[in-house]
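J.: Listed below, chain by chain, are the residues.
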Amino acid sequence: MCRLFALTSRDPISPMLAINALNTMKEGHDGSGVGLCLRGLGGRFEEELQGCPILSGIFTEAGLRRLEQYTMDHGFKSQYSILYTPETEPPEGTPVRGTYAAIAYKVPKGWKELTPEQQGQKLVQMRLDLRRMGEDDGDIMVFSFWPDTIIVKEVGDPLEIGEWLQLGSNRNLYARHILAQGRQNTNYAINLYACHPFFIEGIATMTNGENTAFIPIKEYLQSRNVTGYSGYQSDSEVFTHIAHYTTKRLGLDISAYKHIITPLMDHEMADHPDREFLATLKRSCRKMIIDGPNCVIGTLDDGSMFMVQDRKKLRPGIVGGKDGIYAFSSEVCGIDAVIPDRDKSKDFQPMHLDTVIVGPDCKEIQTCSQKDQLPRQL
Amino acid sequence: MLTERPITPSTLGVKDLDWQIKWDKELCTQCGRCTTVCPVNAIELGVFRKREIITPAGLLKKAENKHTVFYGIRQKTDPAYGCIGCSMCNMVCPNNAIRPERAEGSTTQKFHNDRGGNPRTRGGRRNSGESLLDQIKFMRISMLTDPALDAGRHEFRLNTLLGRVQSPEESLKTYQEHGWKPPVREIYPLVIGGMSFGAMSPNMWEGLQMGVAYLNEELNMPVRISTGEGGCPPRLLRSRFLKYVILQIASGYFGWDEIIHAIPEMKVDPCAIEIKYGQGAKPGDGGLLMWYKVNKLIAAIRGVPERVSLPSPPTHQTQYSIEESVAKMIQSMSMAWGFRVPVYPKISASSTSLAVLNNLTRNPYAAGLAIDGEDGGTGAAYNVSMNHMGHPIASNLRDCYNALVVTGKQNELPLIAGGGIGKSGNLAANAAALIMLGASAVQVGKYVMQAGAGCLGSEKDRCNVCNIGVCPKGITSQDPRLYRRLDPEKVAERVVDFYLSFDTEIKKIIAPLGRSTSLPIGMSDALGISDRDAADRLGIKYVV
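Sequence order for the protein chains is B and A. Start counting the first sequence at 1; every next residue gets the next number (the numbering used here). Start counting the second sequence at 1; every next residue gets the next number (the numbering used here).
Errors might be hidden in some of the hints.
[What the hints assert, rightly or not] So these bits of chain A aren't anywhere near chain B, every CB distance computed over 10 angstroms:
1) 131
2) 157
3) 161
4) 303
5) 505
[Unchecked claim] Looking from chain A toward chain B, a few residues come up when the C-beta cut is under 8 angstroms (computed):
6) 36
7) 40
8) 154
9) 165
10) 176
11) 178
12) 233
13) 236
14) 410
15) 517
16) 521
17) 524
I should point out that these hints are in silico values taken from the structure, not numbers from a laboratory. In this text, a Cβ means the ideal position worked out from N, Cα and C, and glycines have one as well.
Okay, chain B solo, but in the shape it has when bound (with noise of 0.2 angstroms):
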C-alpha cells in the first residue's frame, strides 16, 4: 500500500518536510516511486511570476530543444527556469534521464482576452502535446502546465531522490500545500505517468489502494469529451478526474465529492435534507461510483486541501496540526514528525462518510459528514 503526505500551510515550507515524514512511515512503501505536487509556491514565482504557467517534467537535451521551439510556435517565452540536471549517480534503481525542469512562461499576446476556461483547455492541451511527443524517444516528459503549480515524478526512495535532487535547498521550490506520495507498486508496471499526484487545471489528488471499478469509471470519464480526460496509466487518476469534473464540470462543492464516488445508501438518504439532490446525483453520477478501498487526498485551485475514505474505509488517514499548518498523513508517525507540538487529541481520522477540509487559511480542520446537509450547491 501506498504511503501518502500531505502538507498544508499559511507560510511557504520545505517539500523536504513532507518528504522526511513519508520516511517515518517507510515500511509502507517500496521505493518504487515518489510524486510530488508544489503548489502556492514562494520565492520568485510567487513575487515575480504570478500567474504565469509553470511546466514541469523532465527533459533530454534533445527534449528540451523541442520544447522550446514547440513553446515559441505557440508565443510562450520563458521567463525564469529552475533546471536540474545531477551530475552524481542517480540512487540505485533510478535510471539517469536528464534534466528535471520547472519553467514559468510569459504567455503570449492575445491571452488575456481569452476567459480562464479557454486558458485552461489551452494549457491542457498543449501539456498533452509535449506528453505525446515524448512518447516515442521518451526524450520529454511532462507532469503538469499551470500556474502556481510543479510537480516532480520518479522512481526511487523518496528521501534519497528528494536528496539527490536537492529538493531543500532551493527556497524557490518551497511551497504552501504540498502532495507526497512514496509508491508501493503492486498493479502496473514502473511508468513514471503512474506515480502520484495527478494534476488537472488546478486540482490535484493522490490515492493509495486499489480502484476495483477502474475500468467503467475510465471508460465513463473518457467519453465526457473533456480534454485531459486521458492517460490512465493508473487506476488512481480517475479520482483526480472525478474531482475536477466534480468541481470544473458540475461545479459543485468538494463536500459533494464524497456523494459522487461513495453515495449514501437509500436508507440512510431518505431522511436526508438534500435527499432529492443526493438521488439525483446518485443516479445521474453512478459510473463514478468507486469501490475502494482507497484513501484520497487532494488540493483544489482555491488552496483548501481535503481527504476522503472509500465506504468501507479500508485505508488509514489521519489529519491534525496547528494554526499555520495542517497535514494529511496515511499514518500518525507521518504528522508527529512534522509536526510533533500539535494538540494530538484534535486530530482527525476519517471515517465512511466524512470529508476533511482545511481551508487556504490554515485555521482549522473542517469535517462533513455526508448525513450533514450540504452547502448549497446550485
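Guided by the hints, dock chain A onto chain B, whose structure is given.
T.: The following block gives chain A in isolation, referenced to the frame of chain B:
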C-alpha cells in the same frame, strides 16, 4: 410388425425414435398410471402374445407350441405420438418400472416430424448445450494488498436502474429548473422475463406473482416481472402489486384493451412498459398462442374469440419502420401514464441491434433497451426458427455497450440482456458475466420455469410441448386437470428460494473482485476466457 404389413416411408421402429421407453415386466404392477399420465399418448396398454416351444425329451413326442398372453406397455412408433422424454410415466410409477431414455444414435424420427406438410412446432429453447457464458471466468480477484470483500458480512448494493438516466449536467439542470425528468426505477438486476398469461397457466402466473410480491414486501428485493404479451388479469391491474409488474405490449396488442380501460382505476403505476419487437428464440417472428390454450378465460383477457390460434404479426403493423415505430410507441405509451412510467423496447439480438440502439440514444423518452439472445425460450415457435435463427447475446450486448461508451451514454440507457442465462443452471455466473460485459440487468424466463416450477425441458429436446397445452407439470397448460397439479404457493416458495440463492451467489462472485458499492456494470477487466477469438471479440482477457 407382420411381414405382410405395408411399409410406408414413415413406418418407424422403436429404435428409430428419439426417446425410447424402457419398461420392466417384472416390476410393473399394471396399474395403468403411466399410460394415463402420458401427455402425448406415446404409450398404451399392450397385450403381448408369446409363443413358447415345449420340447419333450426323447423322440416319441413332438415339440409343441404353447401360447401365452401377458400385459404390459407398448410404445407407439407413429411419429405423431413420439415420446417426448418428459418421464412423467416414471414419476407416477409406484415401482419405478418404466422410464424413457434418449437414444442419441437414433435420428430417423427427425425426418418425419412434418406430417401433412406442417413443419414441427414446439416450445422450449434452441436445443443446444453450448454456452459461451459458461466459459467466462471471473479472474480479477483482489489479493494481498487489496483484500477481497466478505460476501457474508459486507453491505452490497446490487440494485440497478431501469429508465433513462440523465447525464450529470442534464440532471442537475433539471433539478435546478424543476423540470421533467425521465422516470427511473431502482430494481433488482434479475428480472423475470415476459411469459404471458395464456402461455403460462393461471396457477403458474399466480405463483410467480406471489413470489415476486414476497420478495418485494418481505425481503426488500425490488424484483420485477414482465407480463409477456397477453394482458394482465384485471384484479392485478387494479391492485397495489402492479408496481412490481412490467406490462408488455407486442404486435398482437393482446390484452391491451383491458389494460387501457383499467388505467383510470389503477392504484399504482406499473414498473415499466416493455414494447416487444422481437424475441431471441424466434427473431422476426411474432408471438404465438396456439388454439389449444385459448380457453374462455384467456380469450376474455386477451379480448379474442375462444379456441383460435393467436399468432402476433412479426412487426407492429401500425407503423412503417422500426425507427418510427419505436419513437411513436414510446411516446404514446409514455403519454398514457403521464410520462411517469419508463418505456423501453425489447428486440431480438441481431446484427441490426446497433441501429435500434443508435436510434434510442437520440430519443429522450426511451428508457432502455432489452436484447434477447438466440438461447431464449418460447412457448411456441417453429423448430427451425428456434434452432437456427438468431444471434448470440454476448457479442451483441457487448457491441451495444461499447457503442454507448463511445457516445458517453453508458449510464443513460440501460441495456437488459436475456437469452440462455442459466441454461445449464449457472444463473448467477451467467448473469454476472453479462453485467460485466455491460448489461444493467438480465431477464430470465426458462430458468424461472425450470427452477420455480419444475419444468422438464432441457437442451436435449426433452418435453418441449408448451405449445399444445399438455404441459405435464401444469406450467404451460390451460387445462384445469393439468394445472391443478401445480400448487401456486409452492411455486412462490421456489421463486423466493432461487432468488435468495442467486443473491448469495452474485455476492460470492463480486466480493472477491472487490466490488460492493455498485453493481459492476461493464467491469470487463474482471472477465477471462480460454478462447482467443471470443476474448478478442468481447474485449476481455484471454486466459489459459
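J.: Please go over all the hints and tell whether each is borne out by the structure.
T.: We went through each hint and held it up to the structure:
1. 131: The claim holds: residue 131 (chain A) sits with its nearest Cβ about 24 angstroms from chain B, beyond 10 angstroms.
2. 157: violated, 7 angstroms
3. 161: violated, 6 angstroms
4. 303: holds, 38 angstroms
5. 505: At roughly 19 angstroms from the nearest Cβ of chain B, residue 505 (chain A) sits farther out than 10 angstroms, so the non-interface label holds.
6. 36: Interface hint status for residue 36 (chain A): violated (54 angstroms vs cutoff 8 angstroms).
7. 40: violated, 50 angstroms
8. 154: holds, 7 angstroms
9. 165: holds, 5 angstroms
10. 176: holds, 5 angstroms
11. 178: For residue 178 (chain A), the interface hint is violated, since the closest Cβ of chain B sits about 10 angstroms away, which is over 8 angstroms.
12. 233: violated, 31 angstroms
13. 236: violated, 26 angstroms
14. 410: holds, 6 angstroms
15. 517: holds, 5 angstroms
16. 521: Holds, because the Cβ-Cβ distance from residue 521 (chain A) to chain B comes to roughly 6 angstroms (cut-off 8 angstroms).
17. 524: holds, 6 angstroms
Of the numbered hints stated above, those contradicted by the structure are hints 2, 3, 6, 7, 11, 12 and 13, listed in ascending order.
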